[in-house]
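Undergrad: Could you slot chain B onto chain A? The hints should help.
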Amino acid sequence: MSILVFIDQSEGQIKKASYEAAYYGAQVASLLGTEAHAIVLGEAKEDLSILGNYGIKKVHHFSKSELNQFDAQVYSAILSDACKSLNTSVVIFSNNTIGKAVAPRLSVKLKAGLVSGAVALPELSNGFVVKKSVFSGKAFTYVSIQSNIKIISLNSNAFSIVKSTEIAEVVNFESAFPNTHINVVSTNKVTGEVPLAEADIVISGGRGLKGPENWGLVTELATLLGAATACSRPVADIHWRPHHEHVGQTGLAIAPNLYFAIGISGAIQHLAGVNRSKTIVVINKDPEAPFFKAADYGIVGDAFEVMPKIIDAVKKLKSQS
Amino acid sequence: MKILVCISKTPDTTAKIAFADNNTKFVTEGVQWIINPYDEWYALVKAIELKEADPSITIHLVNVGGADAEPIIRKALALGGDEAIRINAESNDSYYVAAQIAAVAKETNYDLIFTGKETIDYNGSSIGAMISEFLDQPFISHATAFSTEGSTAIITREIDGGEETDKINFPLIVSCQKGMAEQRIPNMKGIMSARTKPLKVVEPITIESLTSVVAFELPPAKAGVKLVDADNPAELVRLLHEEAKAI
Numbered sequence: 000m001s002i003l004v005f006i007d008q009s010e011g012q013i014k015k016a017s018y019e020a021a022y023y024g025a026q027v028a029s030l031l032g033t034e035a036h037a038i039v040l041g042e043a044k045e046d047l048s049i050l051g052n053y054g055i056k057k058v059h060h061f062s063k064s065e066l067n068q069f070d071a072q073v074y075s076a077i078l079s080d081a082c083k084s085l086n087t088s089v090v091i092f093s094n095n096t097i098g099k100a101v102a103p104r105l106s107v108k109l110k111a112g113l114v115s116g117a118v119a120l121p122e123l124s125n126g127f128v129v130k131k132s133v134f135s136g137k138a139f140t141y142v143s144i145q146s147n148i149k150i151i152s153l154n155s156n157a158f159s160i161v162k163s164t165e166i167a168e169v170v171n172f173e174s175a176f177p178n179t180h181i182n183v184v185s186t187n188k189v190t191g192e193v194p195l196a197e198a199d200i201v202i203s204g205g206r207g208l209k210g211p212e213n214w215g216l217v218t219e220l221a222t223l224l225g226a227a228t229a230c231s232r233p234v235a236d237i238h239w240r241p242h243h244e245h246v247g248q249t250g251l252a253i254a255p256n257l258y259f260a261i262g263i264s265g266a267i268q269h270l271a272g273v274n275r276s277k278t279i280v281v282i283n284k285d286p287e288a289p290f291f292k293a294a295d296y297g298i299v300g301d302a303f304e305v306m307p308k309i310i311d312a313v314k315k316l317k318s319q320s
Numbered sequence: 000m001k002i003l004v005c006i007s008k009t010p011d012t013t014a015k016i017a018f019a020d021n022n023t024k025f026v027t028e029g030v031q032w033i034i035n036p037y038d039e040w041y042a043l044v045k046a047i048e049l050k051e052a053d054p055s056i057t058i059h060l061v062n063v064g065g066a067d068a069e070p071i072i073r074k075a076l077a078l079g080g081d082e083a084i085r086i087n088a089e090s091n092d093s094y095y096v097a098a099q100i101a102a103v104a105k106e107t108n109y110d111l112i113f114t115g116k117e118t119i120d121y122n123g124s125s126i127g128a129m130i131s132e133f134l135d136q137p138f139i140s141h142a143t144a145f146s147t148e149g150s151t152a153i154i155t156r157e158i159d160g161g162e163e164t165d166k167i168n169f170p171l172i173v174s175c176q177k178g179m180a181e182q183r184i185p186n187m188k189g190i191m192s193a194r195t196k197p198l199k200v201v202e203p204i205t206i207e208s209l210t211s212v213v214a215f216e217l218p219p220a221k222a223g224v225k226l227v228d229a230d231n232p233a234e235l236v237r238l239l240h241e242e243a244k245a246i
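Quick mapping for you: the protein sequence lines, in order, are chains A and B.
Here the first sequence is numbered in numbering that gives the first Met the number 0, starting from 0 and rising by one per residue.
Here the second sequence is numbered in numbering that gives the first Met the number 0, starting from 0 and rising by one per residue.
For the record, the hints were derived by calculation from the structure and aren't laboratory data.
You can trust all of the hints, since none of them are fake.
Simulated crosslink set (PhoX-like; lysine-lysine; CA at most 20 Å straight-line):
1) B:K244 with A:K314
2) A:K284 with B:K225
3) B:K221 with A:K277
4) A:K284 with A:K209
5) A:K308 with B:K225
6) B:K221 with A:K292
7) A:K292 with B:K225
8) B:K50 with B:K1
9) A:K317 with B:K244
10) A:K108 with B:K105
11) B:K225 with A:K277
12) B:K221 with B:K244
13) B:K244 with A:K277
Chain A extracted, bound-state conformation (with noise of 0.2 Å):
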């Protein structure tokens, strides 16, 4: 009996959710008296030792040029092999695009019981019961996993890391797959923007910022937070901003350490999708705006005025440190 964790570097780097699932699955182990082992798929770009970082004892590590292209069905049918030559009992999947596509086709080559979203431990008291968010994060549930193989995929942001020293061993896996039946045609990738799924803080604007000529306010904070860009709904759906930034019910939801939202006046269907945020902020210039019953700080006044002061307060913060 095992734990195994899928590490996702598709895209050409670990991704800091798959540094995630590897604590998160160092910490199931532990719950269940196992030991926690990775899996990578692909070349790999860069040393799968620090994988122990996060408490990952091995890790398993096929490396084949053909699989540096990501494709559910080939990924899910070399993932059952090693899950049954592993003899892993609960498989640990990243909530992203990726893991979305890869973990439920794996549940039912394994019949095994997935649980996708989850946002803590599993509880062993009574079964396997795993805390999910549902609703667009407007409520969780329990979800009790029957199935003697547990699949469970960890929504990004929901568990904090503690790294150690330690590092892990690295052996070489292999199994026989089948072709991919797609043909990658383009790649088109947002480069020097950090990715909104992962970020730490989110700068987000909504209609009160009157046109996309004015988003120099929510980039250049952005910028000088390390922060990715998002916004509310009706702003992607008039084109000032891309579609890939729309957050709430029908957009991506995101849970960052700080949302900072300036001139959106939060409705339902916006909070549903930044409500796991661990601080809000809110900048709008009705003090009625229903977004100030959600956020932890507020300031009351127009964007056009505040949100330049605040720039310069974090520049000045940012050079004192």
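TA: Just chain B now, with coordinates in the frame of chain A:
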């Protein structure tokens, strides 16, 4: 070409989320039920757009649900589905639901199956991938654009921090999200014709569930907002740095 669109019934996005019976039941009183927005706005409307460009396409709808799902199925027919299948079962275990849809799909050999990227209630984001595994077909998740070129689909999908465009032969399963299409409102002709479109009810296959919901929980209430004077925004920065330790 035959397209199957999977539709789920969810509470309206503005529904009050509350639980009863010691937090084990979702309170449905006063809740408006809708087609899951991802299923409707992106999966179904995209299928309709494809049919408008190529009238030889047929669109089937499938729902796993009780008789109370029929109003939303009729709405989907009014928007533009040709016929619908309701699998008469209620479950929140995605393995069970996906197995039911896969069993129906196997009977017709669809070229294309569309789902929304997730439902807005359970947020499982699993059904499309599970169906594709049951059918042993390729799966593209989080699609933001879709077009066809003969027997090939050209799909743009979201990846973390960007997007990727793929070419792939039918049959396949695609989960859809924002960008695929725009929300529509059914017109009177659609609403009238939906009444007479076929809505077949089939009984579920026997298959186990792998998970079950034990209880719900609402998040703890916020302590309340700390307001900073608009004349002194630097104080906000100080609080975020020293008190919240967020920057």
